[in-house]
Every structure is written in structure tokens, then in C-alpha cells.
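Engineer: Heads up: the sequence shown begins at 14 in our numbering, then just goes up one per residue.
Please keep in mind that the hints were generated in silico from the structure rather than gathered at the bench.
All residues carry an ideal CB built from backbone N, CA and C; glycine is no exception.
Some hints here could point you the wrong way.
[Unchecked claim] Just the calculated beta-carbon pair ranges, DEER-fashion:
1. Leu30 / Glu127: 23 to 33 Å
2. Lys205 / Ser57: 30 to 40 Å
3. Thr189 / Arg52: 32 to 42 Å
4. Gly92 / Thr218: 11 to 21 Å
5. Lys102 / Arg52: 13 to 23 Å
6. Asp46 / Ile177: 24 to 34 Å
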Amino acid sequence: MFISDEVKNLCWKNYHLDRVEEKCLQNLQNKFDSLPLDRYIKGSYRYRRFSRFSVSGSKITKLPHANFYQNLNDNQLLGGIQRSYQELKQDLVRERDFVSLLIKFSSYCQTQSESQSIEIGVHQIRITCSSGQSGNPTPEGIHRDGVDTIGILCVNQHEIKGGITSLFYPDKESLTFKRKLHPGELLIVNDKQLWHYTSPITPVTLSNPGFRDVLVMTYSSVS
Numbered sequence: 014m015f016i017s018d019e020v021k022n023l024c025w026k027n028y029h030l031d032r033v034e035e036k037c038l039q040n041l042q043n044k045f046d047s048l049p050l051d052r053y054i055k056g057s058y059r060y061r062r063f064s065r066f067s068v069s070g071s072k073i074t075k076l077p078h079a080n081f082y083q084n085l086n087d088n089q090l091l092g093g094i095q096r097s098y099q100e101l102k103q104d105l106v107r108e109r110d111f112v113s114l115l116i117k118f119s120s121y122c123q124t125q126s127e128s129q130s131i132e133i134g135v136h137q138i139r140i141t142c143s144s145g146q147s148g149n150p151t152p153e154g155i156h157r158d159g160v161d162t163i164g165i166l167c168v169n170q171h172e173i174k175g176g177i178t179s180l181f182y183p184d185k186e187s188l189t190f191k192r193k194l195h196p197g198e199l200l201i202v203n204d205k206q207l208w209h210y211t212s213p214i215t216p217v218t219l220s221n222p223g224f225r226d227v228l229v230m231t232y233s234s235v236s
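Let the hints inform the model, and build the full structure from the sequences given.
Structural biologist: What follows is the structure, given as C-alpha cells:
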């Protein structure tokens, strides 16, 4: 896999804000309307799918279904639980712009690995909010995913307030990044060095429900 000098230089930083092309974004936005409810948290505001992929150069291979697990030290709310989510649907997996996104993310991961093949976990998540219920992207609070690198792509957002993403140093108090991610923005984070959090969302007007759609990608050099 070719890795540009720009990406090589970025591997020494704790985070980087990138972008995806508008046409790529549009082809991903209509793939979020049939997500199943996340039954591992209270409330009915988070919808989610999860799949794993192997990326080698420009070749993407979908891996067999596996549970999602986090250490209790990294996630105080859901750590220590083997979570089983439905797989990403084939219309997304086969989408050319989705494949391009995985290759883009893997180019960052490649700077941390000597292997030619990168294994990536992909979480497809919709957070909803309404007049009767706010939506909490991170009910576990400030946390890590327990991997090497994460990528958060804001795919879409509609009629929401909040949803501010913050990155913290290990003391969980010192901020290094704080802002709302806009559709098309891809935040690459060194999960070994930084903790992350996204604030709850509420509707701009109480009469109109809102939502926030993201794709979260993870890479760990140790399975």
C-alpha cells in the first residue's frame, strides 16, 4: 500500500482532522434508515450495526461475525460485556465510496503496523433525539475504545444541538480538541494517547426530531 509523506508525518500526532468528498458522503447518507436498536443501553435513541473487515492494499474482505468487546478499564458502562450486533448490510458494504473510506482509514493505520493486511472494525451508528428524549452518543462518558487508532466520520446530522466531540489527555481533564464534527469530517485519533467524548444531542425545535449519523472505525495491532 502506498502511504503519502503527509500521512507518514501525521502518525506522530495524537489526532488529525480529515475530510471525505461530498459525493462520497451523499452515497453513504441513505444507508442509515434501517439500523436496529442498540439493546445494550437504556432508552430507544441509539441504533447500531457492526462488522469487521480486512484491508490489504485496495482489496477489502468482510470477516466473519464476531462480538464487540471492550475492557472495563476503558469503558466503565459497557466494558466486560460481549456485545453482539447485526452486521452491516450489503448495500453499504458493496458501496464503492464505503470501500474507499476503509482504504483511506487503513492508510493511517498502516503507519502503526508492519503487516500488509489491516483489520478494521466498523460501527454504523445513528443517535436520535426528540422533545421527550435527548440522544447520548457516549453514555459511558469520557472513555477509550481500547484500540490503537479510531476514525470518526460524521456522515449526517439533522436538526440537532450539541454533539460536541472532545479529546482529552489521560488525566481526562486536559483538552486537546473540542468542536462539533460536520458532515464529511473524519477525525483520526490515537486511542492509546487520548480519551474521547461526545456530548448529548437535543432537537433544534421540539416539534422536529433530530439525528446524528456516524461511522466509527477502529484498528488494533493486537487482536
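Engineer: Next step is simple, just say for each hint if it's right about the structure.
Structural biologist: How the hints compare with the structure:
1. Leu30 / Glu127: 23 to 33 Å: holds, 27 Å
2. Lys205 / Ser57: 30 to 40 Å: holds, 34 Å
3. Thr189 / Arg52: 32 to 42 Å: Taking Cβ atoms as reference, Thr189 and Arg52 lie about 34 Å apart, which means the hint holds.
4. Gly92 / Thr218: 11 to 21 Å: At roughly 36 Å between Cβ atoms, Thr218 and Gly92 fall outside 11 to 21 Å, so the hint is violated.
5. Lys102 / Arg52: 13 to 23 Å: 18 Å Cβ-Cβ, so the 13 to 23 Å window holds.
6. Asp46 / Ile177: 24 to 34 Å: holds, 25 Å
The earlier numbered hint that this structure contradicts is number 4, and it is the only one.
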